[in-house]
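Enquirer: The primary structure of each chain is shown beneath.
There are 4 protein chains.
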Amino acid sequence: MKFRFPVFLLLFSLISSFVLDAKPRARDLGVPFEGNPGPLNAITDVAGLAVGHTTIIRGEGKLRVGEGPVRTGVTAILPLGKKTLNIPVFAGIHVLNGNGEMTGAAWVEESGFLEGPVMITNTHSVGAVHEATIAWRVSQDGPDATGYWWSLPVVAETWDGYLNDINGFHVKKEHVYSALENAKGGPVAEGNVGGGTGMICYEFKGGIGTASRLLKKSQGGYTVGVLIQANFGRREELLVAGVPVGREIMENLTKYRPNNDTLPPDDGSAIVVIATDAPLLPHQLKRLARRATHGLARTGTITGNGSGDIFIAFSTATPKFKLNGDVGPAKFLPNDQLDPLFAATVYATEEAVINALIAAQTMIGRDEHKATALPHDRLKQILQKYRRLTH
Amino acid sequence: MKFRFPVFLLLFSLISSFVLDAKPRARDLGVPFEGNPGPLNAITDVAGLAVGHTTIIRGEGKLRVGEGPVRTGVTAILPLGKKTLNIPVFAGIHVLNGNGEMTGAAWVEESGFLEGPVMITNTHSVGAVHEATIAWRVSQDGPDATGYWWSLPVVAETWDGYLNDINGFHVKKEHVYSALENAKGGPVAEGNVGGGTGMICYEFKGGIGTASRLLKKSQGGYTVGVLIQANFGRREELLVAGVPVGREIMENLTKYRPNNDTLPPDDGSAIVVIATDAPLLPHQLKRLARRATHGLARTGTITGNGSGDIFIAFSTATPKFKLNGDVGPAKFLPNDQLDPLFAATVYATEEAVINALIAAQTMIGRDEHKATALPHDRLKQILQKYRRLTH
Amino acid sequence: MKFRFPVFLLLFSLISSFVLDAKPRARDLGVPFEGNPGPLNAITDVAGLAVGHTTIIRGEGKLRVGEGPVRTGVTAILPLGKKTLNIPVFAGIHVLNGNGEMTGAAWVEESGFLEGPVMITNTHSVGAVHEATIAWRVSQDGPDATGYWWSLPVVAETWDGYLNDINGFHVKKEHVYSALENAKGGPVAEGNVGGGTGMICYEFKGGIGTASRLLKKSQGGYTVGVLIQANFGRREELLVAGVPVGREIMENLTKYRPNNDTLPPDDGSAIVVIATDAPLLPHQLKRLARRATHGLARTGTITGNGSGDIFIAFSTATPKFKLNGDVGPAKFLPNDQLDPLFAATVYATEEAVINALIAAQTMIGRDEHKATALPHDRLKQILQKYRRLTH
Amino acid sequence: MKFRFPVFLLLFSLISSFVLDAKPRARDLGVPFEGNPGPLNAITDVAGLAVGHTTIIRGEGKLRVGEGPVRTGVTAILPLGKKTLNIPVFAGIHVLNGNGEMTGAAWVEESGFLEGPVMITNTHSVGAVHEATIAWRVSQDGPDATGYWWSLPVVAETWDGYLNDINGFHVKKEHVYSALENAKGGPVAEGNVGGGTGMICYEFKGGIGTASRLLKKSQGGYTVGVLIQANFGRREELLVAGVPVGREIMENLTKYRPNNDTLPPDDGSAIVVIATDAPLLPHQLKRLARRATHGLARTGTITGNGSGDIFIAFSTATPKFKLNGDVGPAKFLPNDQLDPLFAATVYATEEAVINALIAAQTMIGRDEHKATALPHDRLKQILQKYRRLTH
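Protein sequence lines correspond, in order, to chains E, Z, R and F.
Reminder that position 390 of the first sequence reads as 390 in the working numbering, one-by-one numbering, no gaps.
Reminder that position 217 of the second sequence reads as 217 in the working numbering, one-by-one numbering, no gaps.
Reminder that position 248 of the third sequence reads as 248 in the working numbering, one-by-one numbering, no gaps.
Reminder that position 228 of the fourth sequence reads as 228 in the working numbering, one-by-one numbering, no gaps.
Misleading hints may appear alongside valid ones.
Treat identical chains as interchangeable: a pair holds within one or across any two.
As the list claims (entries may be wrong) - Listed below are the simulated DSSO-like cross-link pairs for lysine-lysine, each with C-alpha atoms no more than 27 Å apart in a straight line:
1) Lys62 x Lys331
2) Lys217 x Lys255
3) Lys62 x Lys172
4) Lys184 x Lys82
5) Lys82 x Lys255
6) Lys216 x Lys255
7) Lys331 x Lys320
Keep in mind the hints are simulated off the structure, nothing from the lab.
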């Protein structure tokens with residue numbers, strides 16, 4: 001089966017990578033973070049990893065289920081780029097709050113391997129992405145080395161029904177194929193793209209964010225990259241660099257507040273993907289995944305009941321499967337050398353959230369629902385006020 | 001959205017329920033089991049529970065991906081029948097071996113509730129069933145009491161690619177709707193039906209099996225019902241009532257054996273659904289779910305690496321949600337009254353496996369692949385030889 | 001068996017409760033926190049709960065194993081005070097990083113109940129406290145209602161070997177009995193007391209801290225109380241109200257830094273006990289326990305490999321066991337009413353850590369090892385500088 | 001600190017190893033099992049592994065708490081014999097039913113390593129064994145390579161209060177030291193020895209049992225050894241080689257049956273230790289541990305509420321720690337080569353249970369409580385009747 005890549009998506013992709021350079025990120029605005037980022041400050045600082053977004057934005061006005069407006073998409077993360085077709089990587093998962101989905105989690109947990117990509121989309125498109133991911137793998141030549149043909153794909157989601165016609169099931173096979181086919185290294189588009197297109201974070205416009213950390217040579221020189229689909233949090237809770245930014249910008253809220261006594265439900269979610277080139281075993285990657293919690297917590301969330309916060313970490317330094325089904329010996333770090341990797345995960349997750357907020361642009365979706373971007377100037381003023389602006 | 005039920009499925013349903021009475025089950029053949037079954041010896045002995053099967057059998061001969069032959073289907077278990085639309089039940093999950101999928105598991109684990117049905121199908125149709133289950137719920141009037149519209153449906157699977165054109169993705173929306181719409185109480189069709197249509201168990205034809213246990217009045221008089229989609233095991237391993245039946249019938253094997261030294265891989269799976277009307281809390285239901293392991297083990301399996309064995313238990317005695325979102329107080333049994341429920345789960349699971357083997361009929365699927373039914377007469381002879389036949 | 005309470009412990013107890021009133025807590029110094037505390041801002045705001053500390057401080061100078069110096073102790077938390085003898089409470093546990101011990105965890109997880117107190121001590125005294133806790137329960141008249149006589153007691157620990165002769169095993173039966181016998185409601189001593197006596201936190205003197213939150217009437221009016229034994233963190237990491245206080249006070253460090261490149265290992269730990277009078281089921285309490293992570297993360301820790309961070313949450317609103325072994329129905333909150341309890345757990349945990357740091361006083365232990373108290377005036381100056389001081 | 005080994009224990013040890021040769025094991029009686037055992041059919045078939053028992057039998061007649069009668073002990077399993085002092089091994093744990101204790105489990109789960117021995121004793125002696133195990137390690141020269149000095153030792157238990165003065169806390173430091181000092185390879189004493197001294201299994205006298213499996217060369221030639229402290233089950237449930245042996249020997253029961261309707265509570269437990277020389281990673285060892293369930297289930301138990309069934313598996317092929325804290329690369333088997341190891345675990349666990357029953361001898365304990373040995377001749381007759389006797 002040959003896949004034909006739609007021209008409009010190609011154009012979108014070109015345009016967005018062009019625009020990318022011009023958009024400031026959190027550090028550019030003077031937000032302070034811990035640790036040293038890699039060259040791209042993105043998950044793609046992990047060599048060989050590829051990210052693909054398909055963004056679907058179509059229609060305006062009143063919701064007509066099945067017709068739109070559409071504000072959604074799908075993001076594909078291929079740990080080893082094209083080699084992901086045949087080579088699994090060690091992986092570990094942590095569920096912080098399970099009001100969400102990450103299919104394939106049982107087999108990652110059992111086998112210690114992620115066999116294929118991590119796909120992220122909206123809640124009601126999990127099925128479409130699940131089927132299309134298997135179909136795409138089958139469309140490539142022959143089964144993979146493990147013989148499973150990605151039969152238990154990892155598909156995660158957050159809910160975009162405030163802006164998107166989520167019951168219209170608008171993510172189709174071609175969108176999934178496109179995200180997989182066009183995944184690449186280099187800078188990663190953030191904000192209203194891919195699976196993050198219609199997401200909301202701390203009642204600002206949210207979406208995709210990424211960041212990375214490069215460890216010192218004395219710590220092994222490893223890279224940790226994080227990508228988040230950020231769709232969680234209440235305005236009052238937002239902290240940026242420890243500063244109560246949310247409380248200072250209490251206008252343009254997305255959530256209805258019945259009275260002053262009660263905060264609205266936190267029914268968002270956060271899918272966090274953590275990649276590293278450090279040689280780690282599955283149970284060690286699970287420990288990395290668990291540290292995404294700290295990163296989220298540093299941005300203020302208490303992780304509400306309605307949140308689906310599921311984190312996956314993998315290592316691209318996993319020994320490669322050979323054709324005969326054997327695996328080489330696995331290098332791995334002693335547990336007492338993990339602290340710098342834990343720190344990198346915490347700090348890169350925190351920065352990825354703020355990057356998502358900085359990159360996302362105001363969006364009007366179904367029924368004129370509006371999610372407003374975090375105003376950059378206001379953010380800078382507030383950080384200045386609390387003596388936390390770096391420049 | 002109005003769903004129109006295909007006539008051929010209706011006919012199939014009528015015919016199969018008619019035929020049902022004539023088919024012997026394990027007890028009818030004289031296989032001994034522990035404990036006392038309910039009136040139907042089926043999961044539907046739990047009052048109010050409904051089961052629906054859609055069976056898709058089409059085509060013969062050589063595999064042409066997308067065209068068939070098709071030997072698959074989907075099974076829906078609605079804990080509270082029609083009331084499942086709006087009322088969740090307490091539930092717990094256990095993963096014995098995670099080479100499989102049960103979507104929605106994270107939210108069951110987190111919330112303690114199963115909100116909607118349990119759907120079972122083939123591995124590559126998880127996506128289609130996932131999307132269709134959400135779509136069907138949306139097509140009913142209004143969101144459910146919890147406000148989630150079944151957004152994280154529970155969809156489980158086992159692999160039927162030996163007989164079925166699994167990469168053809170033949171389970172469609174209408175098949176899912178049919179299973180949901182036609183779910184009912186009463187006798188449950190077993191063997192080559194629903195999600196179990198193309199399954200293989202101990203290298204005999206497998207599929208759907210069910211059984212139940214009715215506790216004594218002094219134990220509370222509760223019912224435990226089990227339904228299994230059985231697709232696991234190597235012939236040599238099969239035990240029936242502790243008797244090594246598999247070793248005595250080593251012909252018509254479905255798996256290729258490269259030499260005498262090596263058993264073939266056990267790449268099957270078992271999805272087990274355990275229902276009870278005993279008032280139990282989520283963590284207690286998790287304990288029930290864990291006991292399905294014993295039931296499988298009593299039939300001989302060692303649960304191979306390739307097996308996806310995921311079990312879900314729920315209680316129909318869960319307090320009902322009210323319109324204002326409140327819940328009543330939850331009655332529950334003290335832990336030290338659980339042993340009879342544990343025993344019921346173990347024994348009903350064991351019997352459900354054997355019932356699946358007894359009910360399943362020889363099937364020829366793609367590329368003339370054949371799965372042979374467990375021969376009833378041979379089984380009786382062997383049990384006789386080992387003095388275990390009850391009559 | 002009659003227990004005789006040592007006079008010196010009684011005196012210590014009297015003196016410390018006297019001194020208690022005079023000591024400022026974090027709020028008194030002007031540290032801002034989220035949420036509204038209960039009257040005592042302590043775990044004992046949960047009605048009926050009792051806390052007992054035994055503090056063992058003895059000897060100075062060079063370490064002679066078995067002789068001292070001794071800087072250790074034991075803390076007992078009885079969920080229902082004296083009624084804890086016979087009545088278990090629903091409970092849930094979360095392990096953030098398992099380089100630590102909480103005995104009894106398997107039975108809490110399995111049964112959903114905490115049967116007895118939570119005991120906290122030093123790492124090497126877990127055995128002594130385990131045996132003594134069983135022995136004390138046996139010494140009271142008759143087995144408990146569950147018939148288990150507290151046979152699987154919950155004993156947790158953190159490591160105090162930097163200040164204490166930990167290999168001297170100085171916690172004895174009488175110290176455990178004393179903590180159990182003298183447990184009471186009212187204000188809770190913080191800092192260098194009980195199990196927290198020899199602990200170090202962010203390389204300042206650490207120990208016991210506590211805090212509470214009182215929910216609004218519209219949220220149910222429930223109380224959440226937290227007690228922490230705080231023994232974790234590196235100086236650079238410390239945040240107070242989001243302010244990088246640690247980096248501003250880089251003197252008097254307890255950890256050796258081989259060079260500028262490398263942070264010392266984080267080999268501390270945090271045991272967090274969360275009590276509430278909200279009616280919650282075991283799986284819901286597990287969710288509360290998981291939120292202690294956010295509270296710790298807000299104080300800056302990345303939770304190092306060497307840290308043993310284990311959290312237990314319980315509800316005093318658990319239905320009471322009756323003599324015949326029955327339990328009443330369990331009231332419980334719908335999941336979508338849990339957010340205020342999650343927030344309370346996060347914020348009270350954060351405040352409990354800072355309270356521990358504020359209360360702890362400079363201590364010199366074995367081999368003249370010194371842990372310096374967080375200087376109150378410096379803290380205030382730094383908060384002032386970052387515009388975060390409340391008064 | 002120098003440990004002096006009591007002479008009476010030395011004598012006991014000599015005598016028991018002498019007697020050992022004369023005692024028949026399950027296979028000697030003609031009980032059929034699956035798979036091929038190693039030369040000793042014991043956990044010590046895993047090269048380098050050492051087992052030490054201390055058995056404490058003292059006094060008769062009426063229970064006087066603290067004075068006896070004593071029917072208890074402690075068993076030590078050192079994965080690498082003397083090298084266990086400094087070298088950890090990869091390990092994984094599974095909790096089948098958590099009405100029991102295995103201290104140290106959180107760190108095994110987190111780190112992937114078992115650092116030190118596995119100790120097994122009675123429920124109320126966990127504390128004494130915990131403290132003594134740390135103390136013994138401290139008494140050896142210098143900290144271990146990981147620097148933790150076995151601070152979180154693995155101590156497991158089952159309950160022997162029917163025969164033993166369990167509230168007398170009779171396991172003392174010297175008993176623990178003796179088990180550790182005298183641990184050795186070679187044949188392993190079974191039945192009423194070590195931690196298993198006062199245990200009861202299927203209402204027969206139980207205790208320690210062991211067995212092993214040797215894989216074929218084509219499967220890697222690895223060894224799996226199992227040791228169980230067996231203290232579980234109701235008489236009616238007992239299956240031997242699938243034959244309902246329990247129902248055929250319903251005399252000399254240890255449990256009181258209030259009436260015919262109700263089985264007595266199953267308040268026993270099973271600690272299972274699984275050792276292998278196959279190179280496996282921690283998450284793979286967890287999978288092995290989970291298969292002990294199948295082994296127990298094959299002997300008939302449904303694992304009652306009161307049972308504490310905790311299993312630990314470790315690999316002696318773990319890469320060795322070097323002095324600088326580094327570890328070599330870890331060889332490990334692909335997941336699809338694990339089935340023979342799973343089967344070995346299942347079958348060796350089953351055989352270890354039956355070996356414990358065969359080896360244990362009738363014991364009279366406190367208050368003339370009596371646990372009767374499984375009569376060998378009756379067993380053979382029953383197996384003969386069901387055509388399952390091998391010779």
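Enquirer: Against the structure shown, which of the earlier numbered hints fail to hold, in ascending order?
Expert: Violated hints: 1 and 5; rest satisfied.
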